[in-house]
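Trainee: Numbering (the numbering used here), first residue to last: 688 to 984.
Any given hint might turn out to be false.
What the hints assert, rightly or not - Straight line, CA to CA, 20 Å or less: simulated PhoX-like cross-link-like pairs of lysine-lysine: (1) Lys733 <-> Lys808; (2) Lys746 <-> Lys710; (3) Lys710 <-> Lys768; (4) Lys806 <-> Lys779; (5) Lys746 <-> Lys724; (6) Lys768 <-> Lys748; (7) Lys779 <-> Lys904; (8) Lys710 <-> Lys724; (9) Lys904 <-> Lys806; (10) Lys808 <-> Lys779; (11) Lys860 <-> Lys748; (12) Lys860 <-> Lys849; (13) Lys748 <-> Lys779; (14) Lys779 <-> Lys827; (15) Lys827 <-> Lys746; (16) Lys768 <-> Lys827.
To be clear, the hints were calculated from the coordinates, so they are not data collected in a lab.
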Amino acid sequence: MAGEKDMFMCYSDRTYTSVYAKKSCSESFSGRDFHDKICTESISDKADILGNLLVSSTKTKITYWNHHCAMCNHEDIDDLKQWAVQVACPAKHGDTRFSRNYVEDHLAFDPDHEEWGLKVKDGFVVCTVSFFQPSTLVGKLNYCAPNLVTTCPTEYPHNDTKTKCLSYHAERKQKNTDIYFRNVHCALCNGVTEDELDCVGRSYPPASFKTTGDQVKVVFNSGQWLNREGPEQYKCSNGNIYDPFQNRCRKMPESMLKELQEAERLSISNYGQRITVSLTVCIAYIVFVFFNKYIFH
């Protein structure tokens, strides 16, 4: 169990529901080195929201750091659910008030601030981008605590406890705090006794998108802005999807995966045909040589 968990990281950035998410490729996936690089390194690109959006499988209940990670772990795209994206901006700046439509039309990434927000005359208004788990998977994913303590201090003298701290997952919460430990042994080596621990499970209710008086919030999910009046579905050709953050149709990994799966299917189905064609060509060539050498000379 420990080895399996070690392939996952606790994803807590920009999400109210921290979850274990896989950020590496399956060793059996062809082209692993290429996809592993994209799977792990694209995470740091805050400018590309959709390219770094969490996805979860309705079948395996596994969450991945992005589509590339799901692709290189043999997931079926029909089983994948994107997490929803919520953009929350201040409702006003000075005398200017912002509406949902204004946020949708003017949201931009500022490379100097390395944040998403709204450009105004006197500067830049920073907005908050948050990810929310799919409503159909609430309570079914492998959740984690963002402040989970998973190791012992380097100077801790008892190697046996250190080893046990790293060897299994049985999370415990320190009473009257928000601190979680991977297991009892991780707590002990960090100076917390068993009497100070709770083993009460954590619950994760569905996220609500309530709008407060001082913020305007817009939710993006599955290729459309949900808060428009009569939600507008953006149409893109050739399997591409619309990226409202970059205002363009783009080729996302799921459509790339369809092409890979189709190519693999054709490769398998045509394998016998290629052998038959090659054999036919070979026989035709032998007949051609025979006739030219012995019949026409």
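Trainee: Taking the numbered hints from earlier one at a time, note which ones the structure violates and give those numbers from smallest to largest.
Mentor: Structure breaks hints 1, 5, 11, 13 and 14.
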